[in-house]
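Sequential numbering from 1 applies to the sequence shown in the numbering used here.
Hints may be right or wrong, so weigh each one.
Using 25 Å as the maximum straight-line C-alpha spacing, the simulated DMTMM-like pairs for lysine to aspartate or glutamate come out as follows [as the list claims (entries may be wrong)]:
no.: 1; residue 1: 428; residue 2: 260
no.: 2; residue 1: 188; residue 2: 139
no.: 3; residue 1: 381; residue 2: 371
no.: 4; residue 1: 281; residue 2: 163
no.: 5; residue 1: 576; residue 2: 489
no.: 6; residue 1: 381; residue 2: 411
no.: 7; residue 1: 576; residue 2: 590
no.: 8; residue 1: 482; residue 2: 561
no.: 9; residue 1: 215; residue 2: 136
no.: 10; residue 1: 428; residue 2: 280
no.: 11; residue 1: 215; residue 2: 163
no.: 12; residue 1: 238; residue 2: 306
no.: 13; residue 1: 188; residue 2: 508
no.: 14; residue 1: 188; residue 2: 199
no.: 15; residue 1: 238; residue 2: 371
no.: 16; residue 1: 428; residue 2: 411
no.: 17; residue 1: 215; residue 2: 508
no.: 18; residue 1: 576; residue 2: 526
no.: 19; residue 1: 482; residue 2: 371
no.: 20; residue 1: 281; residue 2: 306
no.: 21; residue 1: 238; residue 2: 591
no.: 22; residue 1: 428; residue 2: 590
no.: 23; residue 1: 381; residue 2: 526
These are computed hints drawn from the structure, not numbers from a lab.
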Amino acid sequence: MIAELVVEQVVSPMFEGMTFGAVGAYELWIGSARGELDPADALNAGIVNLERAPRNARGRVEYSVDLQMLKPVHMERGNGRLVYDVLNRGGKRATGPHINGGPLLNDPRLAAHAGTGFLMRRGYTIVWSGWQGNVEPGEGRMLARLPFATDGERPIAKDVREEFIDDSGADPFVGTLTYPAADLELAKSQLTVRQRQHDARCSPPDLAWRYLSPKRVEVQRPQGFDAGAIYAFFYPAKDPTVMGIGFASVRDVVAFLRYEAADARGTANPLAVGGSSAIEKAIGVGFSQSGRFLRDFAYQGFNQDERRRQVFDGIIPVIAGSRKTNVNHEFAKAGNFSRQHETHFTRGDQFPFSYATTTDPLTGKTDGLLETCRQNGTCPKVFHLDTDTEFWQARSSLVVFDGERHLQQPENVRLYLATGCQHSPHGKPPAGLTQFPNNPLPYAPFMRALIAAMDAWISEGMAPPASRFPSVVDGTLASPAKEHYGIPDIPGLAYAATLNTVRVTDYEALPPREGPHYPVLVNRCDADGNGMAGIRHPLLEAPLATHLGWNLRTPGHAEGDLAETWGSRFPFARTKAERLAARDPRLSLEERYPCAEAYLGRVEEACIRLVRERLLLAEDGERILAEARANGPVPR
């Protein structure tokens, strides 16, 4: 429960006084929330180490989180809908390029920061609260102050594993530990190195290291390993944060804002009108780590508050793949996630993978992400949106295929793929890390359409767009082997079918002990190398290039392994002659589009079709067509 709200500042109006239609101006409420958890409540029983956390005089475990709300100045003019933007490592996403189209900022206040104004024009209240207990302060990040567990008067200590990759090539480099070392004696710890994930760990004589502090280790690189080498550090850690409280904090904050008029001390709910909350429905949205958070939030039963009320009516986990989080564990490393090269052995990547309740062919376990909420009647509507990257790095195929059968999703779930997009089209990879040009194709236009569709589903019962996701049933989900994936022989690309695999894994063993493989499939591509299934962007329906969800590491950085979560783009040849000279099987621009009108016509047709299918807003269709006019090919 939320015991106390603390108001620090109200910035009113926001965005330099800009108004948003009939909703009017917006303001920003800045403060914090102090929560209390009853360890005896069955809904808190799953929080690891909660019973070992300090308690107040009432026998409750306390926590405090930063809290901010971007709300209409006149709440009665809003739409009664709360969008909870799950922070990503303390950072906001909703007002940035992911949804609203503004810049990626933690303190958006100027008119230029409002982007398209999508959420404000429609009257949404946007809420953020800290939840991740290992976020460092700075750069406007929002924090959660969570207790750590103790064993009576003694600190809890345990041997754990940390992993470092320093692509900068600095020698020596400094690795930061998630938890402080319980003993700084070097003989109590061990450092190993390997070039790639499944190479043997070794400790060559010239691999040197030392503690700079209980949370910082200096590493001297050995000969024979490049900048992409993987360093595993095994050490005795202490003071595990009760990180699972982060789930309960989100549950309690959202439940308070939508159901309560005031806190226990009488401080009014800032979203209340006339003595009761103006919020009628709540939608949780999360990207990447935050999308994994929402999947895990539902799985672990946190969509029901301590008074047995439903928290979110709908959730939209984005670019999460088949993963959950490394949050509700002892010595959890919230923020870590498995990739093909980096932090491959990370908790949160084990069964269940799907929203459907199934029996795992490899372990014999029966479970599903929505099994708990199904039993207590608090399941949210779900829109799951991935990009092509998640099939290569986050094993998205396991959401719909377990190696033996297609998994039919529950009626409250829809699955979508933003075809041809990469994990995050809003940044650029570190200089020198990737072999190929970055993939800029955006999925934000689909996000705006899906939020509108989710609102209509939870508010009016309007059926949402049908799932658009690869499947073994229609043959669009395939092995990454070249002959099944179907990628053409693109000049300059040596395809090797590299992707992030997963096995049944025992994470209690140091190092983790692996069992049998799960099958991982990918979105089959067309003759251009672009994905066949999913929501195809109008600029993919009238392509100027091949857009892939993966990129490769360069020489000196574990060459040939996947480069983090970056995608790539391979432009088509301008003319037929250039194509033939390069031996490129993909048609050139002049062969595809005899005139500018032919190109623009295909873009416009795709926009109209997606608008009709409610997967694109009309205003975004106009923006995409304008971009095509400005940047389209001019064949000669």
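Verification of the supplied hints:
no. : hint      : in the structure
1   : 428 x 260 : violated, 43 Å
2   : 188 x 139 : violated, 36 Å
3   : 381 x 371 : holds, 14 Å
4   : 281 x 163 : violated, 41 Å
5   : 576 x 489 : holds, 16 Å
6   : 381 x 411 : holds, 9 Å
7   : 576 x 590 : holds, 7 Å
8   : 482 x 561 : holds, 17 Å
9   : 215 x 136 : holds, 13 Å
10  : 428 x 280 : violated, 39 Å
11  : 215 x 163 : holds, 13 Å
12  : 238 x 306 : violated, 31 Å
13  : 188 x 508 : holds, 18 Å
14  : 188 x 199 : holds, 24 Å
15  : 238 x 371 : violated, 34 Å
16  : 428 x 411 : violated, 38 Å
17  : 215 x 508 : holds, 22 Å
18  : 576 x 526 : holds, 20 Å
19  : 482 x 371 : violated, 37 Å
20  : 281 x 306 : holds, 18 Å
21  : 238 x 591 : violated, 64 Å
22  : 428 x 590 : violated, 30 Å
23  : 381 x 526 : violated, 32 Å
Violation of the numbered hints given earlier is confined to hints 1, 2, 4, 10, 12, 15, 16, 19, 21, 22 and 23; the remaining hints are satisfied by the structure.
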